[in-house]
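Residue numbers (UniProt numbering), protein chains in the order written: chain S, 1 to 85; chain B, 1 to 177.
Hints are computed from structural coordinates only; laboratory data are not their basis.
Note that the Cβ used here is the ideal one computed from N, Cα and C, for glycine as well.
One or more hints might be untrue.
What the hints assert, rightly or not - According to the in silico footprint, chain B covers these stretches of chain S (three or more CB under 8 angstroms from chain B):
| no. | region |
| --- | --- |
| 1 | 17-28 |
| 2 | 31-40 |
| 3 | 67-78 |
Said to hold, decoys possible - Per label pair, the in silico range of CB-to-CB distance:
| no. | chain 1 | residue 1 | chain 2 | residue 2 | range |
| --- | --- | --- | --- | --- | --- |
| 4 | B | 152 | S | 18 | 46 to 52 angstroms |
| 5 | B | 95 | S | 11 | 27 to 33 angstroms |
| 6 | B | 73 | S | 32 | 40 to 46 angstroms |
| 7 | B | 37 | S | 61 | 33 to 39 angstroms |
| 8 | B | 127 | S | 18 | 54 to 60 angstroms |
| 9 | S | 32 | B | 166 | 25 to 31 angstroms |
| 10 | B | 36 | S | 66 | 35 to 41 angstroms |
| 11 | S | 11 | B | 13 | 40 to 46 angstroms |
| 12 | S | 52 | B | 79 | 36 to 42 angstroms |
Claimed, not checked - A few chain B positions that, by computed beta-carbon distances, are all more than 12 angstroms from chain S:
| no. | residue |
| --- | --- |
| 13 | 97 |
| 14 | 114 |
| 15 | 134 |
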Amino acid sequence: MGGGKTVSGENVYNRIAVLRAERGVSRRQLAEALGVHYQTVGYLERGEYSPSLHLALRIASYFEVPVEIVFSTTPFPRIGSEEKA
Amino acid sequence: MTDHDDTGAPRTASHGEVLVRMVEHGPARRRWSSRNRRRALVLAQALVCSAAAVGMYLVPRLPAVVIMPVFLVLMAAGVLLGTQLNIAARWVAGLPTLDERQRADQERARRMGHHVTAGLLFALFLAATVLWTARAAPVEAGVVAASAWLAVMTHTSFPAAYLAWTLPDEVPDDEAQ
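Chain B on its own, in the form it takes in the complex (with noise of 0.2 angstroms):
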C-alpha cells in the first residue's frame, strides 16, 4: 500500500509500517486471538525444537538420505511456526510505539526468558563439571550439539512463547465487525 509524498511520486511502506501491518494482518490476529490455539503453536514449536535436537543426536547413526529430508522439513516448520509464534505474541523487533501495557508485558517475557536460559545454562555447566570430575566417559558430540541447540532455542524463543501462552485472549476489533 503506498501514498504519494510531496513531488507526487509514490512513497512506499517504512520498515516499521510493513511490521506493523503484518503482525496486525486481519486473518493473522484472527487466527491466534484465541490463547489456546496460541498455546498449541508454541507446543507445536517446542515438539519440532526437541525433535531437532534429537535429530542432531542420530545423525551419526543414519544413512544421509534419511537424514537429510527430515532436517529439511523440520528446518522449513521451525521457520515457519516460529514467525507465526512471534507474530501470535507480537513478538517483532523494530514495531514503532509500544504502548504502557506491550512494554511491561515484554519486559516481563525477557526477565523470565532470561531466569529460565540462565537456569538452564547453569544445569548444563552442573552436568558437564560432574562429568569432568567424575572422570566419565567421553560425551558424544551429538549430544553437545542437541544441548547447546536447546539452549539456543530457548533463549531465543521463550520471550515470544512465554508471551503466547500468558497472555488472555484477545478482543475482536470492533471495526473490523
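Extracted from the complex, chain S is given alone in its bound form (with noise of 0.2 angstroms):
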C-alpha cells in the first residue's frame, strides 16, 4: 500500500496500485480517465503526492468503491492480517 508524509507533512496512505493490480489498469489508462499525468498516479502511489478532494472522490467513483477504501490517514492492515487475528 502506498502512503507516507506528503509535502505538508500530513500521512495520506492509499490503495490505489492495489486496485490497479485487480482491475488490470495502466498507469497512463487511470490517468487518461481521471484527466492527469501518469506521473501524478505514480506520485500518488507511493504517497508522494496528496490530492484535492475532487480527484480522490473521482479517483474512488472509478473504481466504484467508497473513498475511504482508497484512502486513510492510518496505514491499511495487510491483507489476511484480519483473519489470523
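Need the complex rebuilt from these two chains, each delivered in its own frame; the hints are there to steer you.
See below:
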C-alpha cells in the first residue's frame, strides 16, 4: 500500500496500486480516465502527493468503491491479517 | 506525426502537441527520471552561468582570440543545458492541460523563484548603496555586467532548476516497458 508524508507533513495512505492491479489498469489508463498526468498517478501511489478532495472522489468513483477504501490517514492492514486475528 | 483532416489532407500537429511530444519523449524522460541526474544538470547549468559571469569580468583583460571561442562554447553549452533543464523539469511555456499537481508544483517554483530573485536584487541594491554612500572607487563595467547577468539567469532559470532539484524520481511508464 502506498503512503507516507506529503509536502505538508500529513500522512495519507492509499491502495491505488492494489486497485489498479486487481482491475488490470495501467497508470496511463488510470491517468487518462482521471484527466491527470501518469506521473501524478505514480506520485499518488508512492504517497509523494496528496490529492485534492475532488481528485480523491473521482479516483474512488473510477474504482467504484467508497473513498475510504482508497485513502486513509492510518496505514491499511495487510491483506489477510484480519483473518489471522 | 500527422493524421488527416476532414478533406483528407494531412493535419500537422498543433504547437501544444509538438511541445508535449518534445517533453514526453521516451529517451528524454528516461534520461532525466532520476533526481540525482537532474541535480547534476542543475549544477552544470549553474557552473556554465558562473563561468560566463567570470568571463564578462575578464573580457577587458584577455585578447579577443581567447574570449570569442570561450564565449561561443559557453553560449552553446548554456542553451543546450537550459533546454534540457526545461525538459527535465517539464517547465515549458505553452504545455497544454496541466493537472492539479503540476499546477501546484509550478506555482511553488514560481513563488520560490520570486523570493530568490527579490533577495538577490535587494543584495545588489544594498551593495550599490554602500558603494555610493561610501564614495568608493567606481565599479568596473565588467562587475556590473556580470551581476546583471547572474540576476537575469537566476530569474529565468530558478523555477526549472527548483523543480528539477526537488521533484522525486519519476515513476516508470508501465505502458512503455
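So, against the hints stated earlier in the document, which numbers end up violated here? Numbers 3 and 13 - these are the hints that the structure violates, sorted from lowest upward.
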